[in-house]
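Asker: Each protein sequence line maps, in turn, to chains Z and G. The first sequence begins at 5 in my numbering and counts up one residue at a time. The second sequence begins at 5 in my numbering and counts up one residue at a time.
Among these hints, one or two may not hold up.
[Claimed, not checked] Quick look at which bits of chain Z chain G covers, simulated, 3 or more residues with Cβ under 8 Å: (1) 15 to 26; (2) 56 to 64.
[What the hints assert, rightly or not] Derived contacts from chain G toward chain Z, CB cut-off under 8 Å, selection only: (3) A129; (4) E133; (5) A134; (6) F136; (7) F140; (8) A149; (9) S197; (10) S201; (11) D229; (12) L230; (13) G250; (14) R251; (15) I252; (16) G353; (17) N356.
By construction, these hints were calculated from the structure, which means they are not laboratory data. Don't be surprised by glycine CBs; every beta carbon is placed ideally from N, CA and C.
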Amino acid sequence: MTTPAAALPAPAPATNPETTEFWTATADGRLLVKRCQDCDSLMWYPRAICPACSSLRTEWFEVSGRGSIYSYTVNYRGEGAYQGAPPFVLAYVELDEGPRMMTNIVEASPGDLSVGQPVEVVFHDTGQGPWLPRFRPLRH
Amino acid sequence: MTIRGKAHIAGAYEHPERKIPDSSIAQVHAEVAIGALTDAGLSLSDVDAYFCAGDAPGFGPVSMADYLGLARLRYADSTETGGSSYVAHVGHAAAAIAEGKCRVALITLAGLPRSQPTPRPAMSAQAPEAGFEQPFGPTTVSMYALAARRHMHEYGTTSAQLAAIKVAASQHAQHNPHAMLPKPVTVEEVLESPLISDPLHRLDCCVVSDGGGALVVVAPEVAADLSRQAVKVLGHGESPKLTAGGRIDLTYTGAVWSGPRAFAEAGVTPFDVDYASIYDSFTITVLQTIEDLGFCEKGKGGAFVTDGSLLAPHGRLPFNTDGGGLCNNHPVNRGGMTKVIEAVRQLRGEANAPVQVPDCQIALVNGNGGSLGTRSAAATLILGQEDA
Numbered sequence: 005m006t007t008p009a010a011a012l013p014a015p016a017p018a019t020n021p022e023t024t025e026f027w028t029a030t031a032d033g034r035l036l037v038k039r040c041q042d043c044d045s046l047m048w049y050p051r052a053i054c055p056a057c058s059s060l061r062t063e064w065f066e067v068s069g070r071g072s073i074y075s076y077t078v079n080y081r082g083e084g085a086y087q088g089a090p091p092f093v094l095a096y097v098e099l100d101e102g103p104r105m106m107t108n109i110v111e112a113s114p115g116d117l118s119v120g121q122p123v124e125v126v127f128h129d130t131g132q133g134p135w136l137p138r139f140r141p142l143r144h
Numbered sequence: 005m006t007i008r009g010k011a012h013i014a015g016a017y018e019h020p021e022r023k024i025p026d027s028s029i030a031q032v033h034a035e036v037a038i039g040a041l042t043d044a045g046l047s048l049s050d051v052d053a054y055f056c057a058g059d060a061p062g063f064g065p066v067s068m069a070d071y072l073g074l075a076r077l078r079y080a081d082s083t084e085t086g087g088s089s090y091v092a093h094v095g096h097a098a099a100a101i102a103e104g105k106c107r108v109a110l111i112t113l114a115g116l117p118r119s120q121p122t123p124r125p126a127m128s129a130q131a132p133e134a135g136f137e138q139p140f141g142p143t144t145v146s147m148y149a150l151a152a153r154r155h156m157h158e159y160g161t162t163s164a165q166l167a168a169i170k171v172a173a174s175q176h177a178q179h180n181p182h183a184m185l186p187k188p189v190t191v192e193e194v195l196e197s198p199l200i201s202d203p204l205h206r207l208d209c210c211v212v213s214d215g216g217g218a219l220v221v222v223a224p225e226v227a228a229d230l231s232r233q234a235v236k237v238l239g240h241g242e243s244p245k246l247t248a249g250g251r252i253d254l255t256y257t258g259a260v261w262s263g264p265r266a267f268a269e270a271g272v273t274p275f276d277v278d279y280a281s282i283y284d285s286f287t288i289t290v291l292q293t294i295e296d297l298g299f300c301e302k303g304k305g306g307a308f309v310t311d312g313s314l315l316a317p318h319g320r321l322p323f324n325t326d327g328g329g330l331c332n333n334h335p336v337n338r339g340g341m342t343k344v345i346e347a348v349r350q351l352r353g354e355a356n357a358p359v360q361v362p363d364c365q366i367a368l369v370n371g372n373g374g375s376l377g378t379r380s381a382a383a384t385l386i387l388g389q390e391d392a
């Protein structure tokens, strides 16, 4: 099924040396988080320091790309890159591995969404290198 | 050290206009500064401490201090926590006064988002979260909508319950000649207003207004020499509410920590509060904050706000008697200043007569800055009448 992504803007993220590896992986269809090498916690958003135990020893960790909707909203008033865009879904997805991340839900009619609904990651090309990790309802 | 009783709010002033064409932002800062100092019976030459936040044009507190001619400053603080900044500033000013660092502190807020609309400043590309949030199109309303949806999911809160908060605010605003939206509304009217980011409707959102306000916080010996009734600072608490490395919980605010700190310092409990100014960027902000401050059990805010508790003068917890950000004024998208000002009015017995709480002895002010959908900063103040 083709995605309605054509109608949904895919603005390029701000990147920096701390996050280059994350965005490089998105172009390969892989979703990474950071894992603390001292306390094993998985964190979102990715960063060089573990906010749980203060360790500076963190490493990239590939997650399954599956999760469930923690909360969502249909935004009728986009701003910035989304100004004038059709209503779109902003959400937090709780990854099966634990962390909750801000994202969009795509390939779904907003009326069919619910908190707790299983979703899987899809990547949308920003055209500038990074791809955006968005989620769609998991198909059985 | 405690700040309890060691500082007083001697002057308060809210700009009467909601749209201010043909002025500069600095000019409005000056107008409200003079307004609050005049209210206190003081002048700019008495000011030895200045507090401002991100709305102040220029270089931290320095540009405005220069513009105002605050030549005798020995203390300055530009703590920036969005709309809660000014609530925090009162606590910081009280602490500085208690330490003997200053005696007369001026706090100002002003801005012109209606007359001189500028694009809301985008998140800095250097913010560590920027790349992982901005590309997905979060807006202020939609992030609070995420909080509302999750609260509804966990506790069964309804849109009609959120609407009841707006209805109560509008009941109060009808008595405020300066309110932007002075007309009482019904639950149905809130629910029929356009969805901005569901489940939040247009009438779940605060107004956007020009304006500003200022406060003068002074040492007890300064207050003793003034003829105007002052208000005592009894307690103050602050807390950020963070995203917890990806374990964000959208159902509560930092008031769960700032509230108990303020209550403990003041030596009072939620049962002692006669009036509350509750930050009302959105209806959901009020609902979560009331729960977090202990005015009702967590998750029971929906029932609390629909039984008339918020209505002045006789509800259990009369709130935002000026109409709040939802109906009166939300200058520069920063509601903390006007929250303190209305609490001062209540404690002085100078609120609009139909909503004046009889014998108001203890008032609470809660501010929230940033976004309940991501990271935010709460500040709580407990204020009391002079003999409290």
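Asker: Given a cut of 8 Å on the nearest C-beta pair, is the interface hint for S197 of chain G held or broken against chain Z?
Answerer: Given a least distance of 12 Å, the restraint on S197 of chain G is violated.
Asker: Verify the coverage statement for the segment 15 to 26 of chain Z against chain G, using a C-beta to C-beta distance below 8 Å and requiring 3 or more qualifying residues.
Answerer: holds (count 8)
Asker: For the hint on S201 of chain G, does the least C-beta distance to chain Z fall short of 8 Å?
Answerer: holds (4 Å)
Asker: Per the CB criterion, is F136 of chain G less than 8 Å away from chain Z?
Answerer: Interface hint status for F136 of chain G: holds (4 Å vs cutoff 8 Å).
Asker: Are there three or more residues in the segment 56 to 64 of chain Z whose C-beta lies within less than 8 Å of some C-beta in chain G?
Answerer: With 1 residues closer than 8 Å to chain G, the segment 56 to 64 of chain Z misses the three-residue bar; violated.
Asker: Does the CB of D229 of chain G sit less than 8 Å away from some CB of chain Z?
Answerer: violated (49 Å)
Asker: Holds or violated: the hint that G353 of chain G contacts chain Z, with Cβ atoms closer than 8 Å.
Answerer: violated (41 Å)
Asker: Mind checking the CB of A129 of chain G against every CB in chain Z and telling me if the closest is under 8 Å?
Answerer: holds (4 Å)
Asker: If you take the shortest Cβ to Cβ gap from F140 of chain G to chain Z, is it below 8 Å?
Answerer: This hint holds: F140 of chain G lies near chain Z, its Cβ roughly 5 Å from the closest one there, short of 8 Å.
Asker: Min Cβ distance, G250 of chain G to chain Z: is it shorter than 8 Å?
Answerer: holds (3 Å)
Asker: Does A134 of chain G hold up as a contact with chain Z if the rule is Cβ-Cβ below 8 Å?
Answerer: holds (4 Å)
Asker: Against chain Z, is L230 of chain G within 8 Å by beta-carbon distance?
Answerer: For L230 of chain G, the interface hint is violated, since the closest Cβ of chain Z sits about 46 Å away, which is over 8 Å.
Hint compliance for this structure: hints 2, 9, 11, 12, 16, 17 are not met, and every other hint is.
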